[in-house]
Every structure is written in structure tokens, then in C-alpha cells.
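Student: Protein chains in written order, with the numbering used here: chain A, 71 to 189; chain B, -14 to 96.
What the hints contain is simulated information worked out from the structure, not anything from laboratory work. Incorrect hints may have been included.
Claimed, not checked - Only some residues are given here: those of chain A computed to face chain B with a beta carbon under 10 Å:
{"id": "1", "residue": "F98"}
{"id": "2", "residue": "T102"}
{"id": "3", "residue": "S113"}
{"id": "4", "residue": "T119"}
{"id": "5", "residue": "G123"}
{"id": "6", "residue": "S124"}
{"id": "7", "residue": "Y128"}
{"id": "8", "residue": "E129"}
{"id": "9", "residue": "V132"}
{"id": "10", "residue": "K136"}
{"id": "11", "residue": "L138"}
{"id": "12", "residue": "S159"}
{"id": "13", "residue": "C164"}
{"id": "14", "residue": "R167"}
{"id": "15", "residue": "L189"}
Stated by the list, open to error - No more than 20 Å apart at the CA atoms, straight line, and that leaves these computed lysine to any residue pairs for SDA-like:
{"id": "16", "chain 1": "A", "residue 1": "K111", "chain 2": "B", "residue 2": "Q91"}
{"id": "17", "chain 1": "B", "residue 1": "K36", "chain 2": "B", "residue 2": "V94"}
{"id": "18", "chain 1": "A", "residue 1": "K111", "chain 2": "B", "residue 2": "V69"}
{"id": "19", "chain 1": "A", "residue 1": "K125", "chain 2": "B", "residue 2": "K55"}
{"id": "20", "chain 1": "A", "residue 1": "K111", "chain 2": "B", "residue 2": "V94"}
{"id": "21", "chain 1": "A", "residue 1": "K136", "chain 2": "A", "residue 2": "P78"}
{"id": "22", "chain 1": "A", "residue 1": "K111", "chain 2": "B", "residue 2": "K36"}
{"id": "23", "chain 1": "A", "residue 1": "K90", "chain 2": "B", "residue 2": "K36"}
{"id": "24", "chain 1": "B", "residue 1": "K55", "chain 2": "B", "residue 2": "G25"}
{"id": "25", "chain 1": "A", "residue 1": "K111", "chain 2": "B", "residue 2": "R78"}
{"id": "26", "chain 1": "A", "residue 1": "K125", "chain 2": "A", "residue 2": "L146"}
All C-beta atoms, glycine included, are put in the ideal place defined by N, C-alpha and C.
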Amino acid sequence: GAVVSQHPSRVICKSGTSVKIECRSLDFQATTMFWYRQFPKQSLMLMATSNEGSKATYEQGVEKDKFLINHASLTLSTLTVTSAHPEDSSFYICSARSHAGVRHTDTQYFGPGTRLTVL
Amino acid sequence: GQQLNQSPQSMFIQEGEDVSMNCTSSSIFNTWLWYKQDPGEGPVLLIALYKAGELTSNGRLTAQFGITRKDSFLNISASIPSDVGIYFCAGRRTSGSRLTFGEGTQLTVNP
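So that you can see chain B by itself, here it is in the shape it has in the complex (with noise of 0.2 Å):
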């Protein structure tokens, strides 16, 4: 089952505000994943994290390994309609070990 707590759940925001996401877990993770999904599509991979405490951007988008490696976020500045869709972040405890999904937040952007 899943063992990741994403949240929020959902946001409603307008075009150009900042968004805010994480995950958080009570195990320990050595690979942090941010995906984004279109209704209809897969997965695409956004951001992948190796190290703890991390820092990587991919345009728009910010992404931190938690010191701890119990947790990570996603940050998207300046939002845009085309950011619309669902966000899952995943984690992998040990190299190829399966990947732990957390529930996914809905993103809507009001133009």
C-alpha cells in the first residue's frame, strides 16, 4: 500500500502564484521522484533526487531531497494554464528496490 503522504491533495491557484507541494514518509528513501500526469497520459518524470538535502531545478520547477530523507517538495514558480494536471511524488528505500507513490495533488490554474 501506499506509504508516502502527499499533500495537499488538491489546489485551485491563479495564473502567476507560486505552488507549493511535498511528501513525507516515516521510512528513510534514497531516491526522491516528481512526476506530472496529463488526464489520458502517462507519468512524465520532472525532477529526480539522489542526495539528501538536493536542490534541483528543471525551469520552473525546484525540487528538494529532505535532509532527514523522510520527505521532499516541489515548487513551481509563476504558474501557467499548461501547468494543470496531477503531481505524484515517488520514492525507492534502496537501489532497485519498487517505487512508493504518494496519492498525487490535482493542480488547477485559473487563467
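For reference, chain A alone in the conformation it holds in the complex (with noise of 0.2 Å):
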């Protein structure tokens, strides 16, 4: 199957400051990619998604400002965490769309997810 990466897998910070957590599609360009919250033993919570080349869209009750998302490749996604409270520690995950022409077009792909920890 097609193969997502999230960088880093792990972070901790303290609070204030900003994480950059990066997505890449590896075997596949990604027209589409996906920013996904979850809390424990709670399913998936779409916060944005982004199309290479063109701003974001956001969940409703997302901050965009805080939530800073850059899709400047059809394999490379970022998200930043900008001024992080321990409120935003959580499992985030991304999620990759191929784009039509590949097989499996309209499957989403996830990365292993990054876990974020705010002191």
C-alpha cells in the first residue's frame, strides 16, 4: 500500500512555543492532504485539509491561526502548533489522498501520527 510519513513521532515542548510537524507521501503525489486530531479512545477528528498550492481549510472551531498549515509540494504537508498550551497535546495524524490516475484514487492513506505533549 502507499506509504505516509509524519516527523517528528514524539514531541515534547513547553508551553508557548511552536511545533512544525511534517507529512510526507512517499510513494505517491498527494493532491490532497489531511490534518487529523484524536483524543484517547476517541475516533478521528478531521481539523483541516489542504490542497497543494492553495490555503487550507479549516473545521469549524479550528484556529487557522493557530494551526498553520502549508502544503507547498504534492508530497510535503506541514502543520505548526503555534504558541502550544497543554490543552493542545494530542495524537495528530495526517492523511494523504492520491490523485486521480493512481490506483486506489480516492483512498486516504494515514501517516503513524506525532505525539505532542505541552508542558
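Two chains, two frames, a set of hints: combine them into the complex.
Tutor: Here you go:
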């Protein structure tokens, strides 16, 4: 299956600092990438959808100035949590969708996730 | 919010038993995906379904896209301890629209 990587896998930071998480599609080009947040024992919650070269679309209740998303290429999207606070501690998972013409079009593949802990 | 009803919420079974879980919706979906998530990991795609009535297998896993396009089930035959994890169904209404997730089924397999 298609491979999506995320870096870092774990990060611990102090309150007030910013953290950048990278998401890469390794063996396919992803026109669209997604960022999810997951709390313990819950399902995935979509935060934003990003299309290469355009601004991300944020879900209701997600602060776009706090969670900065950049989708600079067809294989890379980044999520920056700005001025992180303890309540931002969570498991962040990116996902990439292959574009038309690729096997399993319209299928989403997930990264391994990033565990963010804000002290 | 979540619009897929996934059941059961959790299952405790003995190794070797078969498992069945399903997702239902009040809306029509044109894509159904089943994922497994291990603790501390991202979801891994198990089976993708694109056509109503489609029955697809992946090893001991079999999933079907319901004829009404409002439901899907996942079966696991002859379960083994490494099947432990959370299984999520996900549906997409139209091409390009966002995925809607079920709440997940926590599977525990006792050796």
C-alpha cells in the first residue's frame, strides 16, 4: 500500500513554543492532504484539508492562526502548532489522498501520527 | 460530527473465533474504507470498497459494500492475537468529499 510518513513521531515542548510536524507521501503524489487530531479512545477528528498550492480549509472550531498548514508540494504538508498550550497536547495524524490516475484513487492513507505533549 | 454508526463498540473473543463488525448510515456513501489502528500508531488501510455489493477480501479479512450503499461490514476469520486493535470504518459520500469515520470497534483477542 501507499506510504505516508510523519516527523517527528513524538515531541515534548514548553508552553508558548511552536511545533512543526511534517507529513510526506513517499510513493505517490497527494493532491490533497488532511490533518486529524485524536483524543484517547476517540475517533479521528478532521482539523483541516489542504490542497497543494492553495490555502487550507479549516473545520469549524479549529483556529487557523493557531494551526498553520502549508502544502507546498504534492508530497509534503506541514502543520505548525503556534504558541502551544497544554490543551493542545494530543495525537496528530496526517493523511494523504492519491490524485486521479493513481491506483486506488480516492483512497486515503494515514501517517503514523505525532504525539504532542505540551508542558 | 460523526454520522456513521459503528457496532459493536468493543468485542472480547477467543483466539480462533470469527469476528464481524458493521457500519450503518442514514446517508448514501459511494466509498467505504476499513482501517485498523494499533496503540500509538496511525490507521492502516485494510480494505477499500468502491461499488455497491462489492465483496473484497484481504487475507482473513472480508468486507462488503452494502447494496443500499448505506452500510458495510467487516469480517475477520480465525482471529489471532495480533488482530487486537481498533477498527474504524470510514465512508465518503462523493468523490473528493471528506471521510466520515465511525466511532471504532475495540477488538480484544484472548489467546
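Student: Hint by hint, say whether it matches the structure.
Tutor: Hints versus structure:
1. For the restraint placing F98/A at the interface with chain B, the shortest Cβ-Cβ distance is roughly 13 Å, beyond the 10 Å limit, so the hint is violated.
2. Checking T102/A against chain B: minimum C-beta separation of about 8 Å stays under 10 Å; hint holds.
3. Satisfaction of the interface hint for S113/A is found here, the shortest Cβ-Cβ separation to chain B being roughly 5 Å, below the 10 Å cut-off.
4. Of the supplied interface hints, the one on T119/A holds, with its beta-carbon coming within about 7 Å of a beta-carbon of chain B, less than 10 Å.
5. A least Cβ separation of about 16 Å between G123/A and chain B goes past the 10 Å threshold, and the interface hint is therefore violated.
6. With its C-beta approaching chain B no nearer than about 14 Å, S124/A sits outside the 10 Å limit, and its interface hint is violated.
7. Because the closest C-beta pair between Y128/A and chain B is about 12 Å apart, greater than 10 Å, the hint is violated.
8. Of the supplied interface hints, the one on E129/A holds, with its beta-carbon coming within about 9 Å of a beta-carbon of chain B, less than 10 Å.
9. This hint is violated: V132/A has a C-beta 13 Å from the nearest C-beta of chain B, more than the 10 Å allowed.
10. The interface hint given for K136/A is broken, as the beta carbon of that residue sits about 21 Å from the closest beta carbon of chain B, more than 10 Å.
11. Taken as an interface hint, L138/A does not check out: its beta carbon lies about 20 Å from the nearest beta carbon of chain B, beyond 10 Å.
12. At its closest, the beta carbon of S159/A sits 14 Å from a beta carbon of chain B; the interface hint therefore is violated under the 10 Å criterion.
13. Against a cut-off of 10 Å between C-beta atoms, the interface hint on C164/A holds, since the closest Cβ of chain B lies about 8 Å away.
14. With its C-beta approaching chain B no nearer than about 9 Å, R167/A sits inside the 10 Å limit, and its interface hint holds.
15. Violation of the interface hint for L189/A is found here, the shortest Cβ-Cβ separation to chain B being roughly 19 Å, above the 10 Å cut-off.
16. At roughly 9 Å between alpha-carbon atoms, K111/A and Q91/B fall within 20 Å of each other, so this suggested pair holds.
17. The hinted pair formed by K36/B and V94/B fails the criterion: a straight-line CA distance of about 31 Å is larger than 20 Å.
18. At most 20 Å may separate the alpha-carbon atoms for a hinted pair to count; K111/A and V69/B meet this at roughly 14 Å.
19. Of the pairs offered as hints, the one joining K125/A and K55/B is violated, with about 33 Å between alpha carbons and a cut-off of 20 Å exceeded.
20. Between K111/A and V94/B the alpha-carbon distance is near 18 Å, which keeps this suggested pair within the 20 Å criterion.
21. For the hint pairing K136/A with P78/A, the CA-to-CA distance comes to about 19 Å; that is within 20 Å, so the pair holds.
22. A hinted pair counts as satisfied when its Cα atoms are at most 20 Å apart, and K111/A with K36/B does not qualify at roughly 31 Å.
23. This hinted pair does not check out: K90/A and K36/B have alpha carbons roughly 39 Å apart, beyond 20 Å.
24. Using a Cα cut-off of 20 Å, the hinted pair K55/B and G25/B is violated, with the two alpha carbons roughly 30 Å apart.
25. Between K111/A and R78/B the alpha-carbon distance is near 25 Å, which puts this suggested pair outside the 20 Å criterion.
26. Between K125/A and L146/A the alpha-carbon distance is near 14 Å, which keeps this suggested pair within the 20 Å criterion.
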